[in-house]
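**Student:** Line order of the protein sequences matches chains E and H.
With the first letter of the first sequence counted as 1, position 10 gets the number 10 in the numbering used here; the numbers rise by one all the way through.
With the first letter of the second sequence counted as 1, position 2 gets the number 1002 in the numbering used here; the numbers rise by one all the way through.
Just so you know, the hints here were simulated from the structure itself, not pulled from any lab data.
Heads up, the beta-carbon is just placed ideally off N, CA and C, and yes, glycines get one too.
It cannot be assumed that every hint is accurate.
Below, a sample of chain E positions facing chain H; criterion: calculated Cβ distance under 10 Å [claimed, not checked]:
#: 1; residue: Phe34
#: 2; residue: Lys49
#: 3; residue: Asn94
From chain E, some residues computed to sit far from chain H (all C-beta separations above 12 Å) [said to hold, decoys possible]:
#: 4; residue: Glu15
#: 5; residue: Leu56
#: 6; residue: Glu58
#: 7; residue: Lys69
#: 8; residue: Thr72
#: 9; residue: Ser73
#: 10; residue: Ser80
#: 11; residue: His82
#: 12; residue: Ile83
#: 13; residue: Ala92
#: 14; residue: Ser97
#: 15; residue: Arg102
#: 16; residue: Ala103
Spelled out from the first residue to the last, the chains are:
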Amino acid sequence: AQSVTQLDSQVPVFEEAPVELRCNYSSSVSVYLFWYVQYPNQGLQLLLKYLSGSTLVESINGFEAEFNKSQTSFHLRKPSVHISDTAEYFCAVNHQSDTGRRALTFGSGTRLQVQP
Amino acid sequence: DAGITQSPRHKVTETGTPVTLRCHQTENHRYMYWYRQDPGHGLRLIHYSYGVKDTDKGEVSDGYSVSRSKTEDFLLTLESATSSQTSVYFCAISESIANYGYTFGSGTRLTVV
């Protein structure tokens, strides 16, 4: 079985400060990892993904995440946040069920609150 | 998101009544998914589909059924709604089972009173 743990339910931070949102997964097989962002009253949008290759992946709006196999982590970071980054962030792993079929399993989410 | 539409956007229904939510896509993607979102739980998979008439249960499928008679439509039915099914329901589509991530609809907010 695979699960995803997001260690912080809320992260308050001041504008222009750095931030890290933590994500750990449990899996005994190779995984595909994703970060999604949800702005208020909207659906989820794909932020970035790790499939293979370089362990550091980046998004177009300055976020990056690093896949660490030994620590089973996929933490999301941004060196300087903006008010507009205020949203809920979900980590997800592509989970393979007992039937061999795949679907995304999500963490419980981290609410990033950027304060002026 | 463009290419995926959920209806209705909001619904209030009474306990014990059947409810059907619709997900419609114009992307011709093979894979479709229904999730529910609840505070503290993130998104949990209800049912998913690998193609027309090919569906499977997720982790929270009790009390729900699905149907997919056409590639573009994936219906979620609450057979007899209960207050515990008050939630926001999201549909998602995917071109691949592993590599591409999902595109999500805007969600349906369902309240069971």
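**Student:** Compare the structure with each hint and give your call.
**Tutor:** These are the hints, each one checked on the structure:
no.	hint	in the structure
1	Phe34	holds (5 Å)
2	Lys49	holds (6 Å)
3	Asn94	holds (5 Å)
4	Glu15	holds (26 Å)
5	Leu56	holds (18 Å)
6	Glu58	holds (15 Å)
7	Lys69	holds (17 Å)
8	Thr72	holds (18 Å)
9	Ser73	holds (17 Å)
10	Ser80	holds (26 Å)
11	His82	holds (23 Å)
12	Ile83	holds (23 Å)
13	Ala92	violated (8 Å)
14	Ser97	violated (8 Å)
15	Arg102	violated (5 Å)
16	Ala103	violated (5 Å)
When held up to the earlier numbered hints, the structure conflicts with 13, 14, 15, 16 and fits the remainder.
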